[in-house]
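Novice: Listed below are the residues making up each chain.
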Amino acid sequence: MINFLIIIFSIISILSAILCAMSTKIIRSTFFFGVTLFSISFVFISIGSNMLGIVQILLYTGGTLILFLFAVILTADWDFENLSNTFSTPINALIISFIFFLLMSYVFNSSDYMNELSKNFSTFSISSEKIGSDLFNQWYVLLEIASILLLATIIGCLALLKFRREEK
Amino acid sequence: MLLSKKHILSVLIGIELMLNGINLIFITVAKAHQSYMADIFILFILVITACEVAIGLAIFILNQRINKTIDIGELGSLKD
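Chains as they are written, first to last, in the numbering used here: chain A, 50 to 217; chain B, 15 to 94.
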């Protein structure tokens, strides 16, 4: 049952990512992007990483996707007549994507990861208490760096906003 | 999307999709080793992604207001 759910959500995420890339309208692209994020978070939950799936839903749909929608709304008065020409170099992009896909397939097939995954795969659930304990004991330097990065992001966005007001 | 689209939001969505793919590879390799380390690193990747989107969208709005364009090729004129 769990394997079936994982396969279903993986197929949904792949299809919605393809539709997101192929859409010419940005609002449709954003919608399919949200579907991709939801299905990936359900994949995370299905394989036992419950906390990661919930963080993905909260952070991406509550933060990133809303930010994208705000950006679309704020630029709604823009004339999108040139959007049909957004595929500037589709052949190059398709060729590079196909080469990258072949490379990744070769790497995964030649390594032992897929064999180990088929032998060791289990949907054991990881407790958030264990992750939190490791974050604050073993990986606290990375946690501090991430918090400083978030602070720098807030200051950077404020600086950009101030610059925009001065321009006006 | 990174190579073929001119719209800045499409490029940002492409970067997000690539980072989600990296997350999936991380969790796959960690599951192969019966490890939970990928959960911790994916949390950091999510933080970096949120920062990147916030800055990217701020630059997008700025570019749209100043240059009156959504073309990523016109971003260079912001430094003038």
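Honestly, the hints are just simulated from the structure, not real lab data. Given the structure is predicted, the values throughout are model-derived calculations rather than measurements. Ideal Cβ placement from N, Cα and C applies to all residues, glycine included. Just so you know, not all the hints are guaranteed correct.
What the simulated footprint calls covered on chain A by chain B, stretch by stretch (three residues with Cβ under 8 Å from a Cβ of chain B suffice, anywhere in the stretch; the number is not a length) [to be verified]: (1) 91-102; (2) 114-123; (3) 193-199.
Novice: Hints first: check each against the structure and report whether it holds.
Specialist: Taking the hints in turn, this is what the structure says about them:
no. : hint    : in the structure
1   : 91-102  : holds (count 6)
2   : 114-123 : holds (count 6)
3   : 193-199 : holds (count 3)
Of the numbered hints listed earlier, not one is contradicted by the structure.
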